[in-house]
Amino acid sequence: MKRALLAALGLATGFAMPATAQDIKVGLLLPFSGVYAALGNDIEAGFTTALEQFGSETPATFEIVREDTEVKPPVALAKAKKLILQDKVDVISGIVSSGVLGAVRDMVHGAGVPLIVANAGNDEATGEACSPYITRMSFSNGQVNRPMGKWMHDQGIRKVYTLAPDYAAGRQMIDGFVQTFTAAGGEIVGQEFTPFQKTQDFGPYMAQAKSSGAEAVFVFYAGGEAISFVKQYDSFGLKAELPLYGSGFLTSSLYVNAEGPAAEGVITALHYVPTLDNPANAQFVEAFKAKTGRVPSEFAVHGYDAGRALIEAVKAGATDRESLANALRQVSFDGPRGALSIDPATNNIVQPIYVYETIAGTDGLTQKVLAQLPAEADPVNGCEMAAPVSN
Amino acid sequence: MSLDLGFWTLQALNALQLSMLLFLLSIGLTVIFGLMHFVNLAHGALYALGAYFAASAAAVGGYWAGFFLAPVAVAGVGVLLYSGLIQRMRKSGPMAQVLVTFGLIFALLDITRIVWGDLALGLEVPDLLAGRVALLGVEYPAYRLFIIALGLAIFGALAFVLSRTQIGAMIRAGVDNDAMAACLGINVERLFFIVFCVGCALAGLAGAVAAPLLSVTPDMGLQILIPTLIVIVIGGLGSLKGAIAGSLIFGFVQTFGAVLAPQLASVLIYALLAAVLVIRPVGLFPAKG
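Those protein sequence lines, which keep their order, are chains A and B.
For the first sequence, our numbering assigns the number 10 to the initial residue and increments by one for each residue that follows.
For the second sequence, our numbering assigns the number 11 to the initial residue and increments by one for each residue that follows.
Simulated from the structure, these hints should not be mistaken for laboratory data.
Since the model is a prediction, treat every value here as computed from it, not as a measurement.
A couple of the hints might just be wrong.
Below 20 Å or equal to it, Euclidean Cα-Cα: the simulated SDA-like pairs (lysine to any residue) are [to be verified]:
1. K207(A) / P296(B)
2. K248(A) / V263(B)
3. K207(A) / L139(B)
4. K81(A) / K101(B)
5. K81(A) / P296(B)
6. K34(A) / K90(A)
7. K248(A) / A271(B)
8. K34(A) / K81(A)
9. K207(A) / K101(B)
10. K34(A) / E134(B)
11. K97(A) / G108(A)
12. K251(B) / L194(B)
13. K248(A) / D120(B)
14. K81(A) / A271(B)
15. K101(B) / G86(B)
16. K207(A) / K251(B)
17. K207(A) / V143(B)
18. K207(A) / D229(B)
19. K207(A) / I115(B)
20. K97(A) / K251(B)
21. K300(A) / I115(B)
22. K81(A) / D120(B)
23. K207(A) / K248(A)
24. K377(A) / G274(A)
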């Protein structure tokens, strides 16, 4: 009797829950140490900015548990387990490296915990390894570079030499570009993949690019390698005779000032630059600057839009893991990057890509947007999952 | 591809430039090891510190302030390390030394992160060395030529000191047989201290010189450590000749490997290392015959 009463009481409070403000527990799984610490910090700052800015739109409160992945897949997996089993979070967000995403994928998929990817761009995560619980609010490697192939061909460039670090992301970024560039009628006259994080001197590769007969060079590098590459490219005086194009991470606003004047005139494509002219971006840039004193990078906007997506999902009535995962797949809004939506076939973001040139501004380097290329959903790439349930 | 003479000249200069940078690092490490039988794995971290000191000083007083200040500052850190830690570790055997200096790598790495942050820093090439110079039919960046010249100058100076001066003779005696050198009235401990500080200063100098060429990141010390160790193992421990030979071999194999056999570029140098270890385990020019 007593037990039945208690159960009834439990049920009653359970039903009463939605009326009171609910508490959403968010696990932030990001690298706060290791080579990607700067990215992790930017994403976290973006995420919290979004919660501060849009949190009042829903009565729910958000509690954040942050865990450091150290950019090590085994560490990240242990931290994901802790977030899911011990902290019992409702949703996880973050993940910078694709290796880490690969490591935690089965864990979150098996446990049915929604994961909002805020950086990692490996094509498979929203391809053959897709999951109804994993929604990507950042980008995919191919997506960022695919529109650039046709655009460069439209500019009259016919022969290109490509360079990138020799790891999965480097190859996917270059492949995305090569596909559309050759489809448009361009020719790849040379291609090299440099040992990842082991190459400090790019001089040998640059001399090869120079003698390849190319009209332009297209590269993907990020972080320290991007800084070294851009500076060395300029020091050899190649920029004038062999214009440098690339994936926009090459001249990310996060570290472009370390590249200095060497980055001027480099033309790249990315899904976000801080100088985009739209009201949502103006609001975001102002809030982010007030919080950190820095201009937001594409990494910051990943965090910001991941936070925003979570709030939109809660606004749509999601309350637990299952309903959050379902609602996240149907999120769409106008953010700093323009109109964003999630492709229900892959759970990857659909977003416009911007071609920009790095130019000297009044205080340091800034980005001049040359073209906005239309948003295209990624090819399905072997992703098979049920469509989200619309309510 | 039109691979003319200019292309090969350019690549040879690239190889030479990389060799000289590695030489600045490996000479300090190898002499410290040769003389003190002390494996200082934190040498790479000192190089990173040098780059950070140079970047900070350059922000205030221009490139040359950083260039001259970084070696002094890193030598200062060397003094602290020596008196605080390394002196006590002198007799504790190689395993303990390796563990302690391995730990130091991470301590110093986190200190640079706390002080300078996670964002990479950049350092501009000084105006004097900006631009390119026409040399042997190719246009080559002046700053890279400066690195080559600096490396050769340091090599010349060290060769002179080690072979022609009294302190050089004392160092050679110490490397050869420290107990006997001590019996002959040489203050070996003080000699160790001086050599250690000079080695640290050279690591700092290498950091300051590398900073405008590469990006200044907390983990740059870890990235350079393996190449430096390979140079020493190939060249032979404790000798100047070994350090320069090892650096040149590494620089040329790395550069021409990247050009001629790009798929093998990252394996070639390790294959060479393995070959040296099998055929001549003491290295090409060891200090002790």
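Right, here's what the structure says about each hint:
Proposed proximity of K207(A) and P296(B) is contradicted: the alpha carbons are some 27 Å apart, above 20 Å. Simply put, K248(A) and V263(B) have alpha-carbon atoms about 27 Å apart, too far for the 20 Å limit, and the pair is violated. Our distance criterion of 20 Å between C-alpha atoms is broken by K207(A) and L139(B), whose separation comes to about 27 Å. As the CA atoms of K81(A) and K101(B) are separated by approximately 36 Å, the hinted pair breaks the 20 Å bound.
Our distance criterion of 20 Å between C-alpha atoms is broken by K81(A) and P296(B), whose separation comes to about 39 Å. Distance check on the hinted pair: K34(A) and K90(A) sit about 15 Å apart at the alpha-carbon level, within 20 Å; holds. At most 20 Å may separate the alpha-carbon atoms for a hinted pair to count; K248(A) and A271(B) exceed this at roughly 26 Å. A C-alpha spacing of about 24 Å is found between K34(A) and K81(A), which places the hinted pair above 20 Å, so the restraint is violated.
As the CA atoms of K207(A) and K101(B) are separated by approximately 35 Å, the hinted pair breaks the 20 Å bound. Distance check on the hinted pair: K34(A) and E134(B) sit about 46 Å apart at the alpha-carbon level, beyond 20 Å; violated. Taking the CA atoms of K97(A) and G108(A), the gap is about 24 Å. The hint is violated against a cut of 20 Å. Taken as a hint, the K251(B) and L194(B) pair is broken in the structure, with Cα atoms around 26 Å apart against an allowance of 20 Å.
A threshold of 20 Å between alpha carbons decides the hint, and for K248(A) with D120(B) the separation of about 36 Å lies outside it, so the pair is violated. A distance of roughly 31 Å separates the Cα atoms of K81(A) and A271(B); the hinted pair therefore is violated under the 20 Å criterion. Using a Cα cut-off of 20 Å, the hinted pair K101(B) and G86(B) is violated, with the two alpha carbons roughly 23 Å apart. For a cut-off of 20 Å, the pair hint linking K207(A) to K251(B) is broken: about 26 Å separates their Cα positions.
Between the alpha carbons of K207(A) and V143(B) the distance comes to roughly 28 Å, so the proposed pair goes past 20 Å and is violated. In summary, the hint linking K207(A) to D229(B) is supported, as the alpha carbons are separated by about 12 Å, within the 20 Å threshold. A hinted pair counts as satisfied when its Cα atoms are at most 20 Å apart, and K207(A) with I115(B) qualifies at roughly 18 Å. For the hint linking K97(A) to K251(B), the alpha-carbon distance of about 62 Å lies beyond 20 Å, and the restraint is violated.
Pair hint K300(A) plus I115(B) does not hold up; C-alpha atoms about 33 Å apart against a cutoff of 20 Å. Using a Cα cut-off of 20 Å, the hinted pair K81(A) and D120(B) holds, with the two alpha carbons roughly 17 Å apart. Note on K207(A) and K248(A): the hinted pairing is violated, with a Cα-Cα distance of about 24 Å set against a maximum of 20 Å. A hinted pair counts as satisfied when its Cα atoms are at most 20 Å apart, and K377(A) with G274(A) qualifies at roughly 10 Å.
Consistency note: the structure conflicts with the earlier hints numbered 1, 2, 3, 4, 5, 7, 8, 9, 10, 11, 12, 13, 14, 15, 16, 17, 20, 21, 23.
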